[in-house]
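Number of protein chains: 2
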Amino acid sequence: MAIKVHGIALSTCTGRVLLCLLEKGLEYEIVPLDLANSAHKKQPYLSLNPFGQIPAFEDGDVQIFESRAITKYLSRKYKDTGIDLLGSSSLTETTIVDTWMEVESHQYNVPMQKIIRQMIVNPAYGIASDEKIIEEELEKLGKVLDVYEERLSKCKYLAGDFYSLADLHHVPYLVYFMRTLKSSVITSRPHVNAWWKDISSRPASVKLAESMRI
Amino acid sequence: MAIKVHGIALSTCTGRVLLCLLEKGLEYEIVPLDLANSAHKKQPYLSLNPFGQIPAFEDGDVQIFESRAITKYLSRKYKDTGIDLLGSSSLTETTIVDTWMEVESHQYNVPMQKIIRQMIVNPAYGIASDEKIIEEELEKLGKVLDVYEERLSKCKYLAGDFYSLADLHHVPYLVYFMRTLKSSVITSRPHVNAWWKDISSRPASVKLAESMRI
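Protein sequences appear in the order of chains A and B. For the first sequence, the UniProt record's numbering gives the first residue as 1, with consecutive numbering after it. For the second sequence, the UniProt record's numbering gives the first residue as 1, with consecutive numbering after it.
Among the clues, some could well be false.
[What the hints assert, rightly or not] Calculated cross-link-like contacts (lysine-lysine; reagent style BS3-like; alpha-carbon spacing at most 25 Å):
1. A:K114 with A:K197
2. B:K41 with A:K140
3. B:K207 with B:K182
4. A:K132 with B:K140
5. A:K41 with B:K140
6. A:K77 with A:K207
7. A:K41 with A:K4
8. A:K114 with B:K140
[Claimed, not checked] To list a few chain A residues with every Cβ distance to chain B over 12 Å, as calculated:
9. S11
10. E27
11. I64
12. T81
13. N122
14. Y125
15. E131
16. E136
17. T180
18. T187
These are calculated hints, taken from the structure and not from any lab test. Ideal placement from N, C-alpha and C gives every residue a C-beta, glycine not left out.
Okay, chain A solo, but in the shape it has when bound:
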């Protein structure tokens, strides 16, 4: 049975899963959801994701939700298809990938989610953006990226000299962020900028970005 992703390509969480599928070169089907009619808040969707969020994922009999759990599953199940994304060669590498995945979740994702909501999502729905929130969260994001700048001066990717889920998880939000007037937050940091140029030019990232046009 084919891999099914329930969601929409415009969603950054759905995008995280699609990017992993693209990196692995796996066939998949996007099952669109009628979000306007809150299909994700009702059955049968809630049986796939009880939190009523997108995406949800099916691989034959396997059903998973939470985008980062789905990418980990794909990286383990299809370890030998395409590149290894988990630093599986040693416990040390696995641990460094884990660490920078946690950094993405707990340091980067928190301000970035709020910035993208204010700068991309709200305008798309005709809702006014809150400039105060944008400025506050940009300041927090800048501090996080200062640590990234230092880190990326020592190695090409976040977990070392190999591309991994730790990098991949950052891509969907950055696709949107780099289209805003605040992209200098990235471009002004030379090593972060070089990292973004590298990871965004991967064929899978280019393909994902094409599908993320609001």
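Assemble the complex: chain A is given as a structure, and chain B must be docked to it using the hints.
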């Protein structure tokens, strides 16, 4: 060389690591930090955790930060010491543990962190609590726990009928939360309450809770 945890037992993120060490029955040393003088924001600590947060962790030559990356490292490195905390027997179990660890990070941790800041941390520092934030975040937490209630009506623990990191990661915040006047958010949900009674009565959890007295 002994395992070293740089942090303080009162910190919930430090507590997450200590609880994993206690479950595994491993020897460790807590290296206290002079937080009042911002030792965590200066060198040499920043070389252990570049984000200037606690905890940081050392196991011989291995240095790790981000509490959930540390617990995963411990669970892998000391897989055969004490109980398995990662659902390592199959990809399906590993994936379900991953999923509920992500739920902890992205659904539960977000409101819980704000509630504990307002109800426990601020009063300890003589800062007024914001009742509006508490009420808003309690409502969000309640919705998350409604999903937990349904989940825990089907299995004893979050990832199935076995205790795992998915449960363990919830413990430190709940230790504090259950001492507040809002503990009925847990006790009013029978399956969540039974789960909490079970996981909080584990010897490791009891020992951790004893060290979390403000």
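Status of each hint after checking the structure:
| no. | hint | in the structure |
| --- | --- | --- |
| 1 | A:K114 with A:K197 | 23 Å, holds |
| 2 | B:K41 with A:K140 | 15 Å, holds |
| 3 | B:K207 with B:K182 | 23 Å, holds |
| 4 | A:K132 with B:K140 | 23 Å, holds |
| 5 | A:K41 with B:K140 | 15 Å, holds |
| 6 | A:K77 with A:K207 | 23 Å, holds |
| 7 | A:K41 with A:K4 | 19 Å, holds |
| 8 | A:K114 with B:K140 | 17 Å, holds |
| 9 | S11 | 14 Å, holds |
| 10 | E27 | 20 Å, holds |
| 11 | I64 | 6 Å, violated |
| 12 | T81 | 14 Å, holds |
| 13 | N122 | 19 Å, holds |
| 14 | Y125 | 21 Å, holds |
| 15 | E131 | 21 Å, holds |
| 16 | E136 | 15 Å, holds |
| 17 | T180 | 23 Å, holds |
| 18 | T187 | 22 Å, holds |
Hint check: a violation occurs at hint 11 only; the rest are consistent with the structure.
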